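**Student:** Chain residues, written in single-letter form:
Protein chains: 2
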Amino acid sequence: MINDKLLDGLYNKEKRSIARLISIIESENELSFEYLKAIHKRTGKAYRIGITGPPGAGKSTITNQIAKIYLSQSKSVAIIAVDPTSPFTGGALLGDRIRMNEIGMSEDVFIRSMATRGSLGGLSRKAVDSADIFDAAGFDYIIFETVGVGQSELDIVKAADTTLVTLVPESGDSIQAMKAGLMEIADLFVINKFDRPAAENAFMSLQTILNFRSDEPNDWKPPILKSVATTNEGIDEIFNTINAHRSFLLNNDLFQKKRAENLKLRIKDIVLEKLTRKLWSSNNNNLLEKSLNDILSGKLSPYELAEEIIAKFD
Amino acid sequence: MINDKLLDGLYNKEKRSIARLISIIESENELSFEYLKAIHKRTGKAYRIGITGPPGAGKSTITNQIAKIYLSQSKSVAIIAVDPTSPFTGGALLGDRIRMNEIGMSEDVFIRSMATRGSLGGLSRKAVDSADIFDAAGFDYIIFETVGVGQSELDIVKAADTTLVTLVPESGDSIQAMKAGLMEIADLFVINKFDRPAAENAFMSLQTILNFRSDEPNDWKPPILKSVATTNEGIDEIFNTINAHRSFLLNNDLFQKKRAENLKLRIKDIVLEKLTRKLWSSNNNNLLEKSLNDILSGKLSPYELAEEIIAKFD
Numbered sequence: 022m023i024n025d026k027l028l029d030g031l032y033n034k035e036k037r038s039i040a041r042l043i044s045i046i047e048s049e050n051e052l053s054f055e056y057l058k059a060i061h062k063r064t065g066k067a068y069r070i071g072i073t074g075p076p077g078a079g080k081s082t083i084t085n086q087i088a089k090i091y092l093s094q095s096k097s098v099a100i101i102a103v104d105p106t107s108p109f110t111g112g113a114l115l116g117d118r119i120r121m122n123e124i125g126m127s128e129d130v131f132i133r134s135m136a137t138r139g140s141l142g143g144l145s146r147k148a149v150d151s152a153d154i155f156d157a158a159g160f161d162y163i164i165f166e167t168v169g170v171g172q173s174e175l176d177i178v179k180a181a182d183t184t185l186v187t188l189v190p191e192s193g194d195s196i197q198a199m200k201a202g203l204m205e206i207a208d209l210f211v212i213n214k215f216d217r218p219a220a221e222n223a224f225m226s227l228q229t230i231l232n233f234r235s236d237e238p239n240d241w242k243p244p245i246l247k248s249v250a251t252t253n254e255g256i257d258e259i260f261n262t263i264n265a266h267r268s269f270l271l272n273n274d275l276f277q278k279k280r281a282e283n284l285k286l287r288i289k290d291i292v293l294e295k296l297t298r299k300l301w302s303s304n305n306n307n308l309l310e311k312s313l314n315d316i317l318s319g320k321l322s323p324y325e326l327a328e329e330i331i332a333k334f335d
Numbered sequence: 022m023i024n025d026k027l028l029d030g031l032y033n034k035e036k037r038s039i040a041r042l043i044s045i046i047e048s049e050n051e052l053s054f055e056y057l058k059a060i061h062k063r064t065g066k067a068y069r070i071g072i073t074g075p076p077g078a079g080k081s082t083i084t085n086q087i088a089k090i091y092l093s094q095s096k097s098v099a100i101i102a103v104d105p106t107s108p109f110t111g112g113a114l115l116g117d118r119i120r121m122n123e124i125g126m127s128e129d130v131f132i133r134s135m136a137t138r139g140s141l142g143g144l145s146r147k148a149v150d151s152a153d154i155f156d157a158a159g160f161d162y163i164i165f166e167t168v169g170v171g172q173s174e175l176d177i178v179k180a181a182d183t184t185l186v187t188l189v190p191e192s193g194d195s196i197q198a199m200k201a202g203l204m205e206i207a208d209l210f211v212i213n214k215f216d217r218p219a220a221e222n223a224f225m226s227l228q229t230i231l232n233f234r235s236d237e238p239n240d241w242k243p244p245i246l247k248s249v250a251t252t253n254e255g256i257d258e259i260f261n262t263i264n265a266h267r268s269f270l271l272n273n274d275l276f277q278k279k280r281a282e283n284l285k286l287r288i289k290d291i292v293l294e295k296l297t298r299k300l301w302s303s304n305n306n307n308l309l310e311k312s313l314n315d316i317l318s319g320k321l322s323p324y325e326l327a328e329e330i331i332a333k334f335d
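Protein chains in written order, with my numbering: chain W, 22 to 335; chain V, 22 to 335.
So that you can see chain W by itself, here it is in the shape it has in the complex (with noise of 0.2 Å):
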């Protein structure tokens, strides 16, 4: 059942209540649809920005600095973190330290990491989902930070109006390890950590690998951006190319389309996930672990098997 008080709360910016309706969220609670469902009408005012790239590339300075700048001028911010990155080192729990004592502190931030522990399932589901309750609290702007090494993190930026793509110059290795999908959403790039030996170089391989893109004319061409974000160098001009951005999405009707796109994209993700959940809930499980042995033993193709279960779908 839904608790008026913690809508109230979440209309009223209240952190406590906020905090409290990501949990569900994260609980994967069927009480987070219903809440998710309360809130839609209030959703679509945020604008949303998606930073990814490989660890160490400096995402989470650059969301501290960008963030700045909109507290700066009296704008709230929403930062969810995602680290879909091994459970072992910890690192989203520092990265998370010192983002508060920079940020942390101000009324008008609210930081909120989610980790895998363990398991992806969802967590994409779970960000945009969380997004929405930010949304629906009056944040202005929601940054997603993650980092872009797999299916699920990119279909967290693909929920984003704007992604910016960090590397660093030592990057060779990891925009290799970029899927393909990754550097087609790119909206603009920065290649941070500048100062460091090759930066240039770095700066005209990227240059080269977008030049084999095959543009559309009136096609927005992300630009490569440079950086220091540890001194605030190239920081105002991630900025500005942000706006840009989203000047030129808004006065090429593109916003709502891209909107659009995206929330297909999420629409897919849901029906997926929950079909998923009731595909496997009871009697196809049994199905298959009673067919285990008759596939491995060769009497029984998996293939014969994945028919049967989705014929009973028709």
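Worth flagging that the hints you see were computed from the coordinates, not collected in a lab. Please read all numbers here as calculations on a predicted model, not as lab measurements. Errors might be hidden in some of the hints.
Claimed, not checked - Using 30 Å as the maximum straight-line C-alpha spacing, the simulated BS3-like pairs for lysine-lysine come out as follows:
#, chain 1, residue 1, chain 2, residue 2
1, W, LYS320, V, LYS58
2, V, LYS299, V, LYS320
3, V, LYS295, W, LYS299
4, V, LYS299, W, LYS279
Given chain W, work out where chain V should sit, using these hints.
**Tutor:** Chain V in isolation, oriented as in the chain W frame:
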């Protein structure tokens, strides 16, 4: 319609027939399911090895060296190299050329590269289906070689009997970037390029990380091996450890158990893919397109639409 001559060719280990069948699998044709059903009873004999890790860790070199040992023992080896990285870099092709010069000329080797070409859909399913082709053809060993960066690659190595995770001394970042899941499925770790500085430190760091894992008393403890694959140092030990792991599985009744677990994941993967295709084929897709504006304007929530679509599958 199934072509019996193609199947005869497959069972005679003819390279042309094998290549043709893998192309059928890659083309996402419904026909491929018919072939996979037909050959299923001939599968299950090949031993499957997964080699994964970050880009630049020497996966191809290690794969080649291991393959050479099998060849020297008159065993046949199929290599499925999955490269989900940017289509811009051309890394897969270059690696292939080097590899072909070294071992590709042997009659007992078949190397197949699979790249995403911009889309990750079904890649893991296709890689695992291809392994069935090689298995039915009578290959003794199948090696999956894949960049360990995302869920899709995780799904591939989950189809292996023994999984090897390769790292390099500088892999601090890469270890962070690895999914928790990847750490958990490693049967052995290899720190390659061990002649580089800080190699011993990397070894000790990894050891410390692994000590955090809570193992069952009778579990296999993934050893950490050291190698310089380009000069063949440490390769024999890797080879022996793969064999030791295989014996461990067989002697502890874990071999069939592990295959059954892998099979479950595979079937769920197949069902999910087929169901998704069915789900978004026509009516639901129209419903989705028509509902986007209502959702963007706040009239309808994504969860309500998702439930409407799922309700049809009752």
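**Student:** Going through the numbered hints above, which ones does this structure break? Give me the numbers in ascending order.
**Tutor:** none
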